[in-house]
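> Let's have the full structure, built from the sequences with the hints guiding it.
Same order as they appear, the protein sequences are chains A, B, C and D.
Under my numbering, think of the first position of the first sequence as 1099, with each following residue one higher.
Under my numbering, think of the first position of the second sequence as 1099, with each following residue one higher.
Under my numbering, think of the first position of the third sequence as 1099, with each following residue one higher.
Under my numbering, think of the first position of the fourth sequence as 1099, with each following residue one higher.
Possibly wrong hints are sitting among the right ones.
Given that identical chains are not distinguished, each listed pair holds provided it fits within a single copy or across any two copies.
What the hints assert, rightly or not - SDA-like mimics (lysine to any residue), calculated; alpha carbons at most 20 Å apart, straight line: (1) LYS1168 - MET1148; (2) LYS1158 - GLU1230; (3) LYS1168 - GLU1226; (4) LYS1168 - LEU1152; (5) LYS1227 - LEU1182; (6) LYS1158 - MET1117; (7) LYS1158 - HIS1195; (8) LYS1158 - ARG1142; (9) LYS1168 - SER1155; (10) LYS1158 - GLU1226; (11) LYS1168 - GLY1183; (12) LYS1168 - HIS1151.
Bear in mind the hints are in silico, worked out from the structure with no lab data behind them.
So you can see what is in the structure, the chains are spelled out below.
There are 4 protein chains.
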Amino acid sequence: MTFNKPYLIRLAHCDATGMVFLPNYFYIFNALVEDWFYEGLEVRYDEYLMQGHLALSTVKLETVFSAPSKMGETVDFWLTVTHLGRTSVRFTMGVDHEGSARVRMQRIAVLTSQVENRPVPWPDELREKINEFMLG
Amino acid sequence: MTFNKPYLIRLAHCDATGMVFLPNYFYIFNALVEDWFYEGLEVRYDEYLMQGHLALSTVKLETVFSAPSKMGETVDFWLTVTHLGRTSVRFTMGVDHEGSARVRMQRIAVLTSQVENRPVPWPDELREKINEFMLG
Amino acid sequence: MTFNKPYLIRLAHCDATGMVFLPNYFYIFNALVEDWFYEGLEVRYDEYLMQGHLALSTVKLETVFSAPSKMGETVDFWLTVTHLGRTSVRFTMGVDHEGSARVRMQRIAVLTSQVENRPVPWPDELREKINEFMLG
Amino acid sequence: MTFNKPYLIRLAHCDATGMVFLPNYFYIFNALVEDWFYEGLEVRYDEYLMQGHLALSTVKLETVFSAPSKMGETVDFWLTVTHLGRTSVRFTMGVDHEGSARVRMQRIAVLTSQVENRPVPWPDELREKINEFMLG
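Structure representation (structure tokens):
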């Protein structure tokens, strides 16, 4: 299953070229993961971070940018899970517009305890929910 | 008429205290004005800026912060117009949560031409639409 | 005494008009307060926040923007203290370029305990150091 | 030759975990490239973008995060060139702290004309200057 969400490209996302300033894509990708928790997994991201003292720490990112996005466009962000390890997860994420690819990202993240500062296994309930977004 | 819109307080908005990092409020207030153009005035903000070579330049801001907002809350942003001059507009804007005030802002902005770099009068069509959001 | 610091206006600060995107000024003003702690007061801002569990919470901001700043300019930010209360401080801050004013800000902030979530009196040592930046 | 620059990790860079919020690293990496232009290549980045109508468009990023950075640390950012093509450049960039690696990044970018919206060859003068930062 894929989690899809459209985002408006705002003035705040663009630099003096009128196109998305690259670091701002990573903000929207973080909003996508946040919205996937709230709306896809139906898990409160704030409680998971603040009360659960957990973090989803990115360890590797590979990103290919094939076409720019400009202010006023509403573009399609999406996320799917391609691997779920004992403490890790691998996402494929993308940005599309009218069916053509703008950005492709591979992202490996690890569930970590903010208290112990080390990887921890996925809780069973979260693992089951994430599994539903596993590709294929 | 008041333009209202809820926004989720995201991880990206908060600093190490877990509360909204103050400059990030101004980002959301800019998103509010942008959304007011698209959804309230039904004017494309991107065309107004990029093709129309106009800008809504803030000249004065007064902001009072009475209570902090924290990650995971969905808070109510709103905007109303309290004065509409020949080239200027005065907004009252706010952030509320469960009926109590978090932020109050007075904002005076001037319509400026990016080409001539000086204030220009509101086009009649835009003036009429903005008038609908005049308080009282 | 006035605390002065030049900052380069970066691509990241500017929007599609090529001028500073207004919320980004507030980022730089926060960097100015941070640098004032480290370099002016010679107090570690990170320890004050993270180990001291204190915060400098802004309660009121008044800002006047008189001329825009553009990418590539190095502009002069400055800060002076105009009132020091039992738990509060009032700053006058500004942005100048080649001697003419770009931005003027009045900012009232309160020292708060992150643990008790209420205003706390300035520690004597900090009060003495802040007093050196009192105007006049 | 390697271009090195220390950056202070600010409150604004950190999220509610007290560590750098990942997208903010990309802001600092962009500041690094900007500072490399001004200070390393001694080319005005603003003129290159705004008067020259050129852009340095990233097409691929690979980033490995091995340890977090926290507020108040001053960390070492660096950049070296590993390939210089007709219209492209490949950078290796990093963040170190006290000699140990925090972040490693491979970045491929293409010089593009903002007018024609396509890759353009490096001007000879810029090519020569970039060549000085070629590894080995």
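> Determine for every hint whether it applies to the structure shown.
So, going through the hints one by one against the coordinates:
no., hint, result
1, LYS1168 - MET1148, "between (35 Å within a copy, 10 Å between copies)"
2, LYS1158 - GLU1230, "neither (23 Å within a copy, 30 Å between copies)"
3, LYS1168 - GLU1226, "neither (37 Å within a copy, 29 Å between copies)"
4, LYS1168 - LEU1152, "between (35 Å within a copy, 17 Å between copies)"
5, LYS1227 - LEU1182, "within (11 Å within a copy, 46 Å between copies)"
6, LYS1158 - MET1117, "between (25 Å within a copy, 17 Å between copies)"
7, LYS1158 - HIS1195, "between (25 Å within a copy, 19 Å between copies)"
8, LYS1158 - ARG1142, "neither (24 Å within a copy, 32 Å between copies)"
9, LYS1168 - SER1155, "between (29 Å within a copy, 14 Å between copies)"
10, LYS1158 - GLU1226, "neither (23 Å within a copy, 33 Å between copies)"
11, LYS1168 - GLY1183, "neither (37 Å within a copy, 27 Å between copies)"
12, LYS1168 - HIS1151, "between (37 Å within a copy, 16 Å between copies)"
In summary, the structure is inconsistent with hints 2, 3, 8, 10, 11 from the numbered list given earlier, while agreeing with the others.
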